[in-house]
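Novice: Sequence:
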Amino acid sequence: MKMVIGVLKDSNNRYLAARCFESLGDDFLTSHSVFTLKQNENESIPDFEERVRREARKRGIAHIERLD
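Take the sequence shown: its letter number 2 is residue 2 in the working numbering, and every next letter is one higher.
No lab work stands behind these hints, which were simulated from the structure alone.
Please read all numbers here as calculations on a predicted model, not as lab measurements.
Note that beta-carbon positions come from the ideal geometry of N, C-alpha and C, so glycine has one too.
Possibly wrong hints are sitting among the right ones.
[What the hints assert, rightly or not] Listed next, with one range per pair, are the computed distances between beta-carbon atoms: (1) K9 with S44: 25 to 31 Å; (2) V34 with K2: 18 to 24 Å; (3) M1 with E50: 31 to 37 Å; (4) D68 with C20: 26 to 32 Å; (5) N13 with R54: 17 to 23 Å.
[Stated by the list, open to error] Computed cross-link-like contacts, DMTMM-like style, restricted to lysine to aspartate or glutamate with a CA-CA straight-line distance of at most 25 Å: (6) K58 with D27; (7) K2 with D27; (8) K38 with E65; (9) K9 with E50; (10) K58 with D10; (11) K38 with E22; (12) K9 with D27; (13) K58 with D68; (14) K58 with E43.
Turn these sequences into a full structure, and let the hints steer you where they fit.
Specialist: Printed below as a string of structure tokens:
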């Protein structure tokens, strides 16, 4: 199963990583996230998490709780 990571912003303006598997409710993450990425075929979890961090930096997000 592919993993999905959604990056959300809480009421204190902190960015949080929310993780689930593609088949277990990623619709919630997609609708409430600043951005959401899905794991690619044959992409390791560490590589996927690094890709999420790179995408966050592109968007000016320096730190993500529960991911960094």
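Novice: Taking the hints in turn, state whether each one holds.
Specialist: Hints, verified against the model:
Between K9 and S44, the C-beta spacing of about 27 Å keeps the proposed range 25 to 31 Å intact. For V34 paired with K2, a C-beta distance near 20 Å keeps the hint of 18 to 24 Å intact. Separation of M1 from E50 is about 20 Å and departs from the stated range, judged on CB atoms against 31 to 37 Å. For the pair D68 and C20, the beta carbons lie near 19 Å from each other, so the given range of 26 to 32 Å is not met.
Here the CB-CB span from N13 to R54 is close to 21 Å, well matched to the stated 17 to 23 Å. Straight-line distance between C-alpha atoms of K58 and D27 comes to about 24 Å, which keeps the hinted pair within the 25 Å bound. About 14 Å separates the Cα atoms of K2 and D27, which keeps this hinted pair within 25 Å; it holds. The straight-line distance between the Cα atoms of K38 and E65 is roughly 18 Å, inside the 25 Å bound, and the hint therefore holds.
As the CA atoms of K9 and E50 are separated by approximately 19 Å, the hinted pair is consistent with the 25 Å bound. Simply put, K58 and D10 have alpha-carbon atoms about 20 Å apart, close enough for the 25 Å limit, and the pair holds. Distance check on the hinted pair: K38 and E22 sit about 8 Å apart at the alpha-carbon level, within 25 Å; holds. For the suggested pair K9 and D27, the alpha carbons sit about 17 Å apart, so the restraint of at most 25 Å is met.
A distance of roughly 16 Å separates the Cα atoms of K58 and D68; the hinted pair therefore holds under the 25 Å criterion. For the hint pairing K58 with E43, the CA-to-CA distance comes to about 20 Å; that is within 25 Å, so the pair holds.
Hints 3 and 4, counting from the list given before, are not met by this structure.
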